[in-house]
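Going down the list, the sequences are from chains A and B. If you read the first sequence in the working numbering, its first letter stands for residue 26, the second for the next number, and so on. If you read the second sequence in the working numbering, its first letter stands for residue 841, the second for the next number, and so on.
Treat the hints as calculated values from the structure; they're not laboratory data. From a predicted model like this one, the values you see are computed outputs, not experimental measurements. Don't take each hint at face value.
To spell it out: a stretch of chain B is covered by chain A in this simulated footprint if at least three of its residues, at any positions, have a beta carbon under 8 Å from a beta carbon of chain A; those stretches are [as the list claims (entries may be wrong)]:
| # | stretch |
| --- | --- |
| 1 | 907 to 919 |
| 2 | 980 to 986 |
DSBU-like, lysine-lysine: derived pairs with alpha carbons at most 35 Å apart [to be verified]:
| # | chain 1 | residue 1 | chain 2 | residue 2 |
| --- | --- | --- | --- | --- |
| 3 | B | 1074 | B | 1063 |
| 4 | A | 127 | B | 1027 |
| 5 | A | 52 | B | 1106 |
| 6 | B | 1074 | B | 1106 |
| 7 | A | 52 | B | 1027 |
Pair ranges (Cβ atoms, derived) [unchecked claim]:
| # | chain 1 | residue 1 | chain 2 | residue 2 | range |
| --- | --- | --- | --- | --- | --- |
| 8 | B | 1138 | A | 183 | 54 to 60 Å |
| 9 | A | 259 | B | 892 | 39 to 45 Å |
| 10 | B | 1077 | A | 122 | 53 to 59 Å |
| 11 | A | 211 | B | 892 | 28 to 34 Å |
| 12 | B | 1048 | A | 159 | 17 to 23 Å |
| 13 | B | 871 | A | 137 | 39 to 45 Å |
| 14 | A | 97 | B | 1106 | 53 to 59 Å |
All C-beta atoms, glycine included, are put in the ideal place defined by N, C-alpha and C.
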Amino acid sequence: MKHFVVFITIGCLLACHQNPPVLSQIKASQLQIDDSLPSYDSVETFLHPYSRRLNQVLDSALAYAPKKISKGDGEYNTTAGNLLADIMMSETRPIFKSRTGKDIDFVLFNHGGIRSILSKGKVSARNAYEVMPFENTVTVVALQGTSVRDLVSYLVRAKRAHPISGMQVVLNRDGSLKSASIQGKPIDGTRIYYIATSSYLVSGGDNMIFFREAIEVFETDYKIRNMLIDYFGKVDTLNPKIDNRFVRLK
Amino acid sequence: MNRRNFITKTTASSALLGLGGLSMGSCSSRQRHITILHTNDVHSHIEPFPKSHSDYPDLGGVARRAALVRRIREENPNTLLFDAGDIFQGTPYFNFYGGELEFKLMSLLRYDAATIGNHDFDNGIEGLFTQLPNARFQLLSSNYDFSNTLMDGLVKPFSVYAVDGINVGVYGLGIKLEGLVNQKHYKETLYLDPYETALDSERILKEDEHCDLIVCLSHLGYKYKNENRPSDVKLAASTRHTDLVIGGHTHTFLEKPTVVKNRSDKEVLVNQVGCFGINLGRVDFYWDAARNKNGNGVTLTI
Chain A
26 MKHFVVFITI
36 GCLLACHQNP
46 PVLSQIKASQ
56 LQIDDSLPSY
66 DSVETFLHPY
76 SRRLNQVLDS
86 ALAYAPKKIS
96 KGDGEYNTTA
106 GNLLADIMMS
116 ETRPIFKSRT
126 GKDIDFVLFN
136 HGGIRSILSK
146 GKVSARNAYE
156 VMPFENTVTV
166 VALQGTSVRD
176 LVSYLVRAKR
186 AHPISGMQVV
196 LNRDGSLKSA
206 SIQGKPIDGT
216 RIYYIATSSY
226 LVSGGDNMIF
236 FREAIEVFET
246 DYKIRNMLID
256 YFGKVDTLNP
266 KIDNRFVRLK
Chain B
841 MNRRNFITKT
851 TASSALLGLG
861 GLSMGSCSSR
871 QRHITILHTN
881 DVHSHIEPFP
891 KSHSDYPDLG
901 GVARRAALVR
911 RIREENPNTL
921 LFDAGDIFQG
931 TPYFNFYGGE
941 LEFKLMSLLR
951 YDAATIGNHD
961 FDNGIEGLFT
971 QLPNARFQLL
981 SSNYDFSNTL
991 MDGLVKPFSV
1001 YAVDGINVGV
1011 YGLGIKLEGL
1021 VNQKHYKETL
1031 YLDPYETALD
1041 SERILKEDEH
1051 CDLIVCLSHL
1061 GYKYKNENRP
1071 SDVKLAASTR
1081 HTDLVIGGHT
1091 HTFLEKPTVV
1101 KNRSDKEVLV
1111 NQVGCFGINL
1121 GRVDFYWDAA
1131 RNKNGNGVTL
1141 TI
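With the rest of the complex left out, here is chain B:
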């Protein structure tokens, strides 16, 4: 939250100083590199699966993920780490400690933000609220309206991270709760249309916050047979400015990110890395100096 304040302040002062006509052209003369790391649907899987597990023998584990994240941060300090929801529920750690460990460990790994999955309501909205002091990362959701709940003001629709002079805008989207989560758990949380709120959030991030990269953390699910159900693939196609959708909910193990053409015929990446902390997703973005611009070529290596 402090980080967010800092960014808000610097953006304000830069606008102010802009009147003075300051010019320092040096920053766009070198390449920039931002690494985005992501998980989804970790479901309280803190320890690796047992060696005897028939599906995921000896895979996963937060201590190993921490080592990997640290190594990547040493390679590139300009790294952001996100989660796409369903942090809670799946091992006795959640039943025993109510999500305390999950949030504390994510803080230890220096997660920057996460969106809220349906299972994050499993101990009720009170259960989620209780664990918030353990989260040194921001919860993001632009389509859950918590105004009439005790989470009011504690979840932001989006956040901006200024990394190496690049503004990374991140917004969150959650799945429809009715029919999926007991109403006594989500209480008066309102679910708003994810496509509409996505368009609003990305427009603000692009036009008002001047973001160079826009990421959506979504717990909508990768895609569904029923075309009317909101999904990441359909969401990506309906946006204008979003560059990357980091998805969750459907526990989809994608071999590589799916490339979707958006409304402006621009390519958007949709990614999801299965579940239970078995994989870490990594997307590296490189920016060239403006003067080296050669047409519209973004090289995509997936």
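Isolated chain A (complex conformation):
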């Protein structure tokens, strides 16, 4: 029987090659996948154990936030920004130290890179995906002090609460720069600083062009989202505060 089918197919193919059919009509359409379509049961059945596991892991509480954490609750520094920058500092430091023997001097992240609030209550891995849906990693950049001054000028011009840690920037009432310091000391134009930031910003994101002056770039391969998940798992409570790391005098 099988041979017969093959034989017919062969005969047919052959005949078609001698006397090819002629393309006469093409119809194109686009079908939207919406709720008018039923769900194919075997897909749902197949998916169930995976989605259950995923939801279990994503939704299990890792930490607790006694108050809403947002990037919109301060002028130049915010609870969400400070939390993220401080996590980047505390989590990157030991990795960088063990790999290079050097210390991170400060952290710079971008305000736009925080994609969601953390609501009051339990904090889960799903929240980390909401805050940081991108695959960006922590990258450490070595910059000359003179380039760090360009970085500060960028922060002054940007007038946005770009998250920082390990650095203090104070603006005058008119928004001009009053002072900037790193680890409590004024910026030294002659020395090299190590800055932990997002791979997105190092590759030119948010026009942070001063990173082009990088003397060296170290890729940690640590996804920022995974860093958040790891941190949430380590602490009980997330209670970041607005402080005076980046302020404008009233």
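Once you have looked at the hints, place chain B on chain A.
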């Protein structure tokens, strides 16, 4: 892969039998109809978007796509299903399971082939290699040379599907990886000129494999402001035998396929259906018996 072997064998035997002068004229006396279904840039969107989503409320979802594909296959069993790349990355399903679900579900839906998108390298070439046993469909790329990688021999430049006596040739094209994908992910994969490899592939499919319909699965992107960047629209214009370019990468929601004149002044369709499994593209091709040939008229309904 078994399917491919079967086709190779039948083509060989038909050539052999051809010497015997067998003649069975019956096959070209009826109309033939092949349906091509396609997705692109699904990016691990397995479940529908939430009802509260501001852009795509309650749209997409593999279970619904499966139901639609099944319905279409019931209408026309002569249906092929393709994907134009970026299967991976976009929901926690990928982060958790590394693409296992995406490939298993595509196999369940009986996809025939897919090309490789830049995000399909997101877990490195090892990550893609690891998931291959879950793919009961063929990965196609004619311009990625995997010779010096562990994917060597596992990706084919093109494939031929014999459907209802019609030979459908399909080849794949990928985007330039340098600057887009970290080199430590794509390793020693070589990116070859997509236009040149397209011309080679379609010539082989036309002349050696005697294909009646030639489809390109491309992850080059629909079109770019920078004219020097390879794109589907420019690709279509540079080919001779390709009938349909199924595109991806730029997440372009086309209302209908773009019609481009190729090198031989023949019309080529370029299509792309957005992203995230929100739409399914469908192109139906009809062939008449040779003797009913009336001039060069292909009716295009888009």
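Quick rundown of the hints versus the structure:
1. 907 to 919: holds (count 3)
2. 980 to 986: violated (count 0)
3. B/1074 - B/1063: holds (8 Å)
4. A/127 - B/1027: Between residue 127 of chain A and residue 1027 of chain B the Cα gap is close to 29 Å, so the pair holds against 35 Å.
5. A/52 - B/1106: Holds. Residue 52 of chain A to residue 1106 of chain B sits at ~17 Å (cutoff 35 Å).
6. B/1074 - B/1106: Answer holds: residue 1074 of chain B to residue 1106 of chain B is near 14 Å, not above 35 Å.
7. A/52 - B/1027: violated (41 Å)
8. B/1138 - A/183: 54 to 60 Å: With Cβ atoms ~56 Å apart, the hint holds.
9. A/259 - B/892: 39 to 45 Å: violated (32 Å)
10. B/1077 - A/122: 53 to 59 Å: Hint holds: Cβ distance 56 Å, inside 53 to 59 Å.
11. A/211 - B/892: 28 to 34 Å: 49 Å Cβ-Cβ, so the 28 to 34 Å window is violated.
12. B/1048 - A/159: 17 to 23 Å: At roughly 45 Å between Cβ atoms, residue 159 of chain A and residue 1048 of chain B fall outside 17 to 23 Å, so the hint is violated.
13. B/871 - A/137: 39 to 45 Å: violated (56 Å)
14. A/97 - B/1106: 53 to 59 Å: Given about 56 Å between the Cβ atoms, the range holds.
Of the numbered hints given earlier, the model fails hints 2, 7, 9, 11, 12, 13; all others are met.
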